[in-house]
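Colleague: Residue 45 in UniProt numbering sits at position 45 of the sequence shown, and the numbers go up by one each step.
Treat the hints with caution; some may be incorrect.
Label-pair restraints from in silico Cβ distances [claimed, not checked]:
id: 1; residue 1: A113; residue 2: D43; range: 25 to 33 angstroms
id: 2; residue 1: T5; residue 2: R80; range: 13 to 21 angstroms
id: 3; residue 1: L130; residue 2: D43; range: 39 to 47 angstroms
id: 4; residue 1: R194; residue 2: Y72; range: 16 to 24 angstroms
id: 5; residue 1: V26; residue 2: F114; range: 19 to 27 angstroms
Derived DMTMM-like pairs (lysine to aspartate or glutamate); straight-line CA-CA distance at most 25 angstroms [said to hold, decoys possible]:
id: 6; residue 1: K31; residue 2: D87
id: 7; residue 1: K31; residue 2: D60
id: 8; residue 1: K40; residue 2: D199
id: 9; residue 1: K2; residue 2: D199
id: 10; residue 1: K112; residue 2: E181
id: 11; residue 1: K2; residue 2: E90
id: 12; residue 1: K31; residue 2: E181
id: 13; residue 1: K40; residue 2: D29
id: 14; residue 1: K112; residue 2: E90
id: 15; residue 1: K52; residue 2: E174
id: 16; residue 1: K31; residue 2: D43
id: 17; residue 1: K40; residue 2: D200
What the hints contain is simulated information worked out from the structure, not anything from laboratory work.
Glycine included, C-beta positions come from ideal geometry on N, C-alpha and C.
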Amino acid sequence: MKPLTLYTNPNSRGRIVRWLLEELNVPYDIKVLQYGDEIKAADYLALNSMGKVPAITHGDVVVTETAAICAYLADQFADRQLAPALDSAERGTYYRWLFFAAGPLEMATSAKAFNWRLDADNAQSVGCGLYQDTLNTLESALTQSLYICGQQFTAADVYVGSHIHWGLMFNTLESRPAFTEYVQRLQARKAAIRANELDDALLTT
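Go ahead and model the full structure; you've got the sequences and the hints to work with.
Modeller: And the structure:
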């Protein structure tokens, strides 16, 4: 098996990838980078010139951007069934929500957090449109089935669920029943609990 390393910080989106790795139950190494000099050091910038975490190396392959890492890992370890089959109708749904969370949802919640103007005058020019439209779209999807792609838990749930969880924590998402019930269901998973314990332990070292 090719060596797999996660570059992360416990106060980062690296927690999403940690959770996914625990769901996959595959061996991996952790490289914790501190904000400041370590994350901007030349050796790390050679892997990710953005100087951000997370990133992974898988053998000679480098992957950055959290949604891309999730999609890559689910495909690399396809036997763990954390992505719908390639020839299934749910595969398109899976991609839709992975990138909905990476695009419109993150944009809308960032705008909320930093009081950026989103209104009828500029909604057509930004990726998320109006804030309420983004939330309503997500809420509608979560009321249709147990998970974001149907009855199968996937890497998209790890990614989408993490964004919703943080949005609720930081009040950038309204506390709607569909959101809170979904997050509670996901956070009760053994891999999610284990991943949180591992990352929380890093906060005290």
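Colleague: Taking the hints in turn, state whether each one holds.
Modeller: So, going through the hints one by one against the coordinates:
1. Between A113 and D43 the Cβ separation comes to about 32 angstroms, which falls inside the hinted range of 25 to 33 angstroms.
2. Between T5 and R80 the CB atoms are about 19 angstroms apart, so this pair conforms to the stated range of 13 to 21 angstroms.
3. For L130 paired with D43, a C-beta distance near 43 angstroms keeps the hint of 39 to 47 angstroms intact.
4. For R194 paired with Y72, a C-beta distance near 21 angstroms keeps the hint of 16 to 24 angstroms intact.
5. Between V26 and F114 the Cβ separation comes to about 37 angstroms, which falls outside the hinted range of 19 to 27 angstroms.
6. Note on K31 and D87: the hinted pairing is violated, with a Cα-Cα distance of about 36 angstroms set against a maximum of 25 angstroms.
7. Proposed proximity of K31 and D60 is supported: the alpha carbons are some 16 angstroms apart, at most 25 angstroms.
8. A threshold of 25 angstroms between alpha carbons decides the hint, and for K40 with D199 the separation of about 21 angstroms falls inside it, so the pair holds.
9. For the suggested pair K2 and D199, the alpha carbons sit about 24 angstroms apart, so the restraint of at most 25 angstroms is met.
10. Proximity of K112 to E181 is assessed by CA-CA distance (about 22 angstroms); at most 25 angstroms being required, the pair is judged to hold.
11. Of the supplied pair hints, the one linking K2 and E90 is violated, its CA atoms being roughly 29 angstroms apart against a limit of 25 angstroms.
12. Between the alpha carbons of K31 and E181 the distance comes to roughly 33 angstroms, so the proposed pair goes past 25 angstroms and is violated.
13. Taken as a hint, the K40 and D29 pair is honoured in the structure, with Cα atoms around 20 angstroms apart against an allowance of 25 angstroms.
14. With a C-alpha separation of about 31 angstroms, the suggested pair K112 and E90 falls outside the 25 angstroms cut-off, and the hint is violated.
15. Annotation: proposed proximity of K52 to E174 is violated, straight-line Cα distance about 28 angstroms (limit 25 angstroms).
16. Taking the CA atoms of K31 and D43, the gap is near 13 angstroms; set against the 25 angstroms cutoff, the hint holds.
17. Of the pairs offered as hints, the one joining K40 and D200 holds, with about 23 angstroms between alpha carbons and a cut-off of 25 angstroms not exceeded.
In summary, the structure is inconsistent with hints 5, 6, 11, 12, 14, 15 from the numbered list given earlier, while agreeing with the others.
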